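> Listed below, chain by chain, are the residues.
Number of protein chains: 2
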Amino acid sequence: MRVINFNAGPAGLPQPALERAREELLDFQGTGMSIMEHSHRGKEYEAVHNEAISLLTELLGIPSTHQVLFLQGGASQQFAQVPMNFLTPETSADYLMTGVWSEKARDEAKYYGQSRIAATTINADKRYTRVPKQEEMQLDPAAAYVHMTSNNTIYGTQWHTFPEVGSVPLIADMSSDLLWKPIDVSKFAMIYAGAQKNVGPSGIVLVIIDKGFMAKGSTNIPKIFRYSTYAENNSLYNTPPTFSIYLCRNVLAWIKSVGGLPQLERWNREKGELLYGMIDRHADFFRAPVEKGSRSYMNGVFRLPTEALDETFVAEAKKAGMVGLKGYRSVGGIRVSMYNAVTVDNVKTLVAFMEQFVKKHG
Amino acid sequence: MRVINFNAGPAGLPQPALERAREELLDFQGTGMSIMEHSHRGKEYEAVHNEAISLLTELLGIPSTHQVLFLQGGASQQFAQVPMNFLTPETSADYLMTGVWSEKARDEAKYYGQSRIAATTINADKRYTRVPKQEEMQLDPAAAYVHMTSNNTIYGTQWHTFPEVGSVPLIADMSSDLLWKPIDVSKFAMIYAGAQKNVGPSGIVLVIIDKGFMAKGSTNIPKIFRYSTYAENNSLYNTPPTFSIYLCRNVLAWIKSVGGLPQLERWNREKGELLYGMIDRHADFFRAPVEKGSRSYMNGVFRLPTEALDETFVAEAKKAGMVGLKGYRSVGGIRVSMYNAVTVDNVKTLVAFMEQFVKKHG
Ligand SMILES: Cc1ncc(COP(=O)(O)O)c(C=O)c1O
Ligand SMILES: Cc1ncc(COP(=O)(O)O)c(C=O)c1O
Ligand SMILES: [Mg+2]
Ligand SMILES: [Mg+2]
Ligand SMILES: [Mg+2]
Ligand SMILES: [Mg+2]
Chain A
1 MRVINFNAGP AGLPQPALER AREELLDFQG TGMSIMEHSH RGKEYEAVHN
51 EAISLLTELL GIPSTHQVLF LQGGASQQFA QVPMNFLTPE TSADYLMTGV
101 WSEKARDEAK YYGQSRIAAT TINADKRYTR VPKQEEMQLD PAAAYVHMTS
151 NNTIYGTQWH TFPEVGSVPL IADMSSDLLW KPIDVSKFAM IYAGAQKNVG
201 PSGIVLVIID KGFMAKGSTN IPKIFRYSTY AENNSLYNTP PTFSIYLCRN
251 VLAWIKSVGG LPQLERWNRE KGELLYGMID RHADFFRAPV EKGSRSYMNG
301 VFRLPTEALD ETFVAEAKKA GMVGLKGYRS VGGIRVSMYN AVTVDNVKTL
351 VAFMEQFVKK HG
Chain B
1 MRVINFNAGP AGLPQPALER AREELLDFQG TGMSIMEHSH RGKEYEAVHN
51 EAISLLTELL GIPSTHQVLF LQGGASQQFA QVPMNFLTPE TSADYLMTGV
101 WSEKARDEAK YYGQSRIAAT TINADKRYTR VPKQEEMQLD PAAAYVHMTS
151 NNTIYGTQWH TFPEVGSVPL IADMSSDLLW KPIDVSKFAM IYAGAQKNVG
201 PSGIVLVIID KGFMAKGSTN IPKIFRYSTY AENNSLYNTP PTFSIYLCRN
251 VLAWIKSVGG LPQLERWNRE KGELLYGMID RHADFFRAPV EKGSRSYMNG
301 VFRLPTEALD ETFVAEAKKA GMVGLKGYRS VGGIRVSMYN AVTVDNVKTL
351 VAFMEQFVKK HG
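Going down the list, the sequences are from chains A and B. For the record, in the first sequence the residue sitting at position 336 is 336 according to this note's numbering, with numbers rising by one throughout. For the record, in the second sequence the residue sitting at position 166 is 166 according to this note's numbering, with numbers rising by one throughout.
Chain A on its own, in the form it takes in the complex (with noise of 0.2 Å):
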């Protein structure tokens, strides 16, 4: 029997993606051998890569003037291989920062060059509860990037208009919302995301870069961290992780069979709608933090009156079917985080459960 998984990462996957990859484990389409021992340069390998690479391309509608890239170390590793890529001494970064991770993205970046707070939502609590407007970010037009986070997994805040920055190329690290709706690439530079939450298991990264702008890499830097190595390779200069690349290839042949992108969004806003609506209705007792605006419809995040309560609201929960729902070390009470693969109806048992909870102790 499978649970209702509410995990934020690593996450839970559609089911369909992991039965063909059970059914197939041991032989491959008749191969005789397990996709993950055969070779990265053989042709059976080679059809699955380039067929992930050409469902995100369709999926994303993403422009040729843009390439997908597989790489590994996970998000965190970005947050050092971009300015390893794109800053030096004498230039600056601008970063928009809306949570941990932006603070860790912009935290790696002062061992390559400057960087700038554009902008900031931090609070008196050092926490963060909403994004930034436009008019409140102060944008170095002679920036060398401006790095954002488009969905904050901790805090449950997420940009619903992404920002103007004018020519300054933008990077987004979209970890924790790539793939919840359709957007538009070519607004970005760079996109980056840790595939454990939409779109995978975790060990691997999709980047999705612009080639000119990739042009503009360092190239005195080793060949390993160079984004025109893996772009002149089609992410094959080195193994990639195989397997991980052929889990996504199955997360997102059944996003395309499911009614791609706008069916994900339609879903993903009746998913928010649902758990919003129930804590609006009792807000006393479901305590959201973050500003309506800036809800992220991936990860909802809310407190109990009492960190005992926020107790029994998890242990009861998995008692009923459903895990993962402890908020973030750092930060304590609930997270609801409601990626892809969480259904509707998952939802809905949630938001069944917590009515339930609020009779019983509200």
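Mixed in with the good hints, there may be bad ones.
Pairs count within a copy or across copies, as identical chains cannot be separated in the list.
In silico BS3-like cross-links for lysine-lysine, where the CA-CA straight-line distance does not exceed 27 Å [claimed, not checked]:
| hint | residue 1 | residue 2 |
| --- | --- | --- |
| 1 | Lys-216 | Lys-110 |
| 2 | Lys-43 | Lys-104 |
| 3 | Lys-319 | Lys-348 |
| 4 | Lys-110 | Lys-223 |
| 5 | Lys-104 | Lys-223 |
| 6 | Lys-104 | Lys-216 |
| 7 | Lys-348 | Lys-359 |
| 8 | Lys-187 | Lys-110 |
No lab work stands behind these hints, which were simulated from the structure alone. Predicted model only: the values in this text are computed from it and were never measured.
Guided by the hints, dock chain B with the ligands onto chain A, whose structure is given.
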């Protein structure tokens, strides 16, 4: 039906390790989700993670002076990460050149500091057919480290006696022979290995590092690239490739179950003797370039009298249920990779096929 898989990497995995993964792919130990859907901070995953570390520690007899780390980015990222941590513009590292991978490793060092060739066995054809002898090495006693490739996957050579480097830290890329037999880990300041030959799928790198040596690493580099970051966080600083580590755990458990490294060494030596015995009995036909004392027990390379025969060999072997025998792109010929998952019987089947092949085409 599973084929006999002589792939050089990603390579075949022990069937019991894969069957175990298939069995619990959608429901890990009754938790109602796949291990890849578990949080990397949850007790279920952490038990797997720690078991992988303790199995590796036990199998290799890793002393308490050393620590096991899990990294990403392939062995190729280690080529850069080693000098990033341990080389400065003021220091120099020694490289022992025994093949393509040694060359690539040294190429990445120049971005961080100086490097010297302390020995090379490159020949007039720009190939390598042996590893250097101790007396051929011109070691710099002030070197930051000595880097070596313990097994040369492409050229089919292997070190059978590790070099004596005095008090200089010795770093070995053991990507293609870690776990082939017991070794004395204490001789090495650091060992690294991409998992995809002897240990697991691609997308995970095992590092075994001396803690005192690690402590000397630069702190003027991004946190995500410091070995000490992985060490301080038990390789859970950011999200590790959880499913890949789980698969390594399954392979390590299988190694233990069959008798550990002494048993693997017996099998690997028997496999090597079978293959090289056949080669030597038909030395005019199976032309093996490697000097006998440097022959690899992991990758056996030879060429047939003509390239057309090489192709026929690969094609007929495939019909007989054996794949992965084509030599590396730049080298050609035949390569028989006989990692731990390849059984003695598999090699007997190949050798019988070779016998028939000489009769028919010799
Ligand atoms: C928005 C965001 N960025 C970056 C990270 C770090 O990702 P990783 O653990 O893959 O390095 C996370 C992890 O949860 C995240 O949510
Ligand atoms: C000895 C050795 N080192 C390094 C590498 C590169 O490994 P990766 O592709 O994981 O970067 C290989 C790949 O086959 C290898 O055999
Ligand atoms: Mg995480
Ligand atoms: Mg955050
Ligand atoms: Mg390889
Ligand atoms: Mg080699």
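> Could you work out which earlier hints the structure fails to respect and list their numbers in ascending sequence?
Checked against the structure, no hint fails, so every one of them is satisfied.
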